[in-house]
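*Asks:* Line order of the protein sequences matches chains G and B. With the numbering used here applied, the first sequence covers 62 to 194. With the numbering used here applied, the second sequence covers 21 to 516.
One or more of the hints may lead you astray.
Computed cross-link-like contacts, BS3-like style, restricted to lysine-lysine with a CA-CA straight-line distance of at most 25 Å [claimed, not checked]: (1) G/Lys185 <-> G/Lys69; (2) G/Lys116 <-> G/Lys185; (3) G/Lys89 <-> G/Lys187; (4) G/Lys116 <-> B/Lys226; (5) G/Lys69 <-> B/Lys226; (6) B/Lys380 <-> B/Lys129; (7) B/Lys380 <-> G/Lys185; (8) B/Lys392 <-> B/Lys380; (9) G/Lys187 <-> G/Lys94; (10) B/Lys380 <-> G/Lys187; (11) G/Lys185 <-> G/Lys94; (12) B/Lys48 <-> B/Lys129.
Quick caveat, the hints were computed from the structure, so don't treat them as lab data.
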Amino acid sequence: MLDFIISKYNYWIYIILMMIGFYAMIGKKNLVKKIIGINIFQTAIILFFISTAAKRGGTLPIIEHGHGHGAHAIEAASYVNPLPHVLMLTAIVVMVSTLGVALAIVIAIYRRYNTLEEDEILEKRKWSRNLLF
Amino acid sequence: MVPQSPVLVVVIPLIFAFLALLFGWWRKGLCYPITLVAVSISFLASLCTLHTVITTGTIHYHLGNWAPPWGIEYVVDHLNAFVLAIVSFISVVVAISSKRSVEQELPDKIVYFYCMFLLQVTGLLGIVATGDMFNLYVFLEIASLAGYALIAIGEEGAPFASFNYLIFGTIGACFYLLGVGYLYVITGSLNMADLSQALPNLYHSKVVLVAFAFFLVGVSLKMALFPLHVWLPDAYTYAPSAVSSLLAPLMTKVGAYVMIRLMFTVFKPYFSIELIPVTAILGWIAAGAILFGALMALAQIDLKRMLTYILVSEVGYIALGVGLANRAGLTGAILHILNDAFMMLALFLVVGAIMYRSGKREIPQLRYLHRKMPFTMATFVIAALSVIGIPPTCGFFSKWYLILGAIDASRWVFVAVLLVSSLLNVILFFRVIENAYLEPDEEHAGGGSELAIATEEAPLTMLMPILIAGAGIMLFGVLSGKIISTIIQFAVPQCF
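Isolated chain G (complex conformation) (with noise of 0.2 Å):
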């Protein structure tokens, strides 16, 4: 058992980070709080693609002595998987956008309520309502 935790212990990392995330997203009453829970699920998930793109003693999926050097096999063993890492790239461009709307948005909360506690939010939001009728 201990072994098999130990061999994929990247992948039990991933998914600690992810279930930590996760908790913060949905536990925390902090809206910054949930903020960093979504970075840290998304971080997971990019540990998760790289992981399975890796490949022990591969290299960058660089083609040395390519056009004009003879033509010669490519073994794909050796060199890591390039194609997560390309789609990590785009993830993370959604992740810092994601990032940014949200921060904005907190910001507009902020001015609003003068607090980031979703409870104290909640209550003030009854409060303005129970003006309104």
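With chain G held as given, fit chain B onto it using these hints.
*Replies:* Only chain B this time, still in chain G's reference frame:
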């Protein structure tokens, strides 16, 4: 232009989003015509695509001329082309009606509004057009991010509602991305057609099961299927009128499209129906969604909030059609994507117009509205009849197919749920219609003379789209047989 039409549908709004921003800095007034031009070109391109698909069959468009498993491919078949046309047409209608309400609600944010509007449309169209799993994720996030921003600029309470939506939406998108990762690990491909070839041999693998679970939960979050709908009512209630009339008809329908695509194209129907009984579970969840949405709608005083709960219940109809997993059920589900998009468009546009004229939307405040806004309220009644399911309107036909599907599958509980929800909708809408049309007795008892109430109909740019939506509801009802025989018949997977 014709061979490029599938990509033009998506790319034109994307490019014009940045043009709107650039020209908007120079002249604020240019944003509206630029947006109109962009969505109109996109709509023409989608019509062109639909025509090509109907006459010659599925279109494969290789972006940058890279062959499919390596490059990104747009695959447009009957289902895609149909949803593309719906999305782009509704964007045109909402773009026309947005002029006055945006000027009133967001006077200093017009430029950013139209930029975000076009990005939102790009995202929605991209989700529908693409044939690549990861590309779908990127478009899903473009649509969602634009949606968070658009909702957050709404009234009091909008930023907080939008933040909740952001949390749920991000969880949904992350789950989808994990699903894509698992499928890539086991098959080494991201192309939908490729995956559907490679997956059948691996159906018993745990990895595929986990991927499928991630997909289903992620997409259910995005389409606001019943237990995961909690973000929707707040977000769509507090959003600006133009935004909720764009998002409410489209975002959930596009989510439903993704669900149909994943369950019956990427995974074969054999997997989602027989191997793991996911459609059976989906049927029960959908039945819950239909009843819960209708019951929660009964409890609302705010008209717009009531409509958001009706939307939750309408998403349930589509999911029920998918869950029935037979030809009639799926026909109903796909037809309901069209019908519900138009019904929600009409209802939310009407609420937007009422808000624009009076600033009120609590149901008891709607008194004398049939005299103030006769055409708007007439459209509201048509849309209400359609949601209830009265024959000449389109809502009847999709409900008819759903009930036929439930009878075919001998799921009598679902037949009962569909009928009960119709009755609940009758109560819901007659409450509104009673307040708007019938005048209180005491006013007649006293004076006897008619109260002089001036008509103050919505401005033309808002009234036109409302009438178009109302006409659409009647027209698609009359033409539903034709739509089924030319498009939907081929959109339903062949094995049913």
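*Asks:* With reference to the structure, classify each hint as holding or not holding.
*Replies:* Structure-based check of all given hints:
1. A hinted pair counts as satisfied when its Cα atoms are at most 25 Å apart, and lysine 185 of chain G with lysine 69 of chain G does not qualify at roughly 48 Å.
2. In summary, the hint linking lysine 116 of chain G to lysine 185 of chain G is not supported, as the alpha carbons are separated by about 54 Å, beyond the 25 Å threshold.
3. Between lysine 89 of chain G and lysine 187 of chain G the alpha-carbon distance is near 21 Å, which keeps this suggested pair within the 25 Å criterion.
4. Restraint check for lysine 116 of chain G and lysine 226 of chain B: satisfied, since their Cα atoms lie roughly 23 Å apart, inside the 25 Å limit.
5. Proposed proximity of lysine 69 of chain G and lysine 226 of chain B is supported: the alpha carbons are some 17 Å apart, at most 25 Å.
6. Pair hint lysine 380 of chain B plus lysine 129 of chain B holds up; C-alpha atoms about 23 Å apart against a cutoff of 25 Å.
7. Distance check on the hinted pair: lysine 380 of chain B and lysine 185 of chain G sit about 23 Å apart at the alpha-carbon level, within 25 Å; holds.
8. A C-alpha spacing of about 13 Å is found between lysine 392 of chain B and lysine 380 of chain B, which places the hinted pair at or below 25 Å, so the restraint holds.
9. Distance check on the hinted pair: lysine 187 of chain G and lysine 94 of chain G sit about 23 Å apart at the alpha-carbon level, within 25 Å; holds.
10. For the hint linking lysine 380 of chain B to lysine 187 of chain G, the alpha-carbon distance of about 20 Å falls within 25 Å, and the restraint holds.
11. Only pairs whose Cα atoms come within 25 Å are accepted, and lysine 185 of chain G paired with lysine 94 of chain G is accepted, the gap being roughly 20 Å.
12. For the proposed pair lysine 48 of chain B and lysine 129 of chain B, the alpha carbon gap of about 10 Å is at most 25 Å, so the pair holds.
The structure shown violates the earlier hints numbered 1 and 2.
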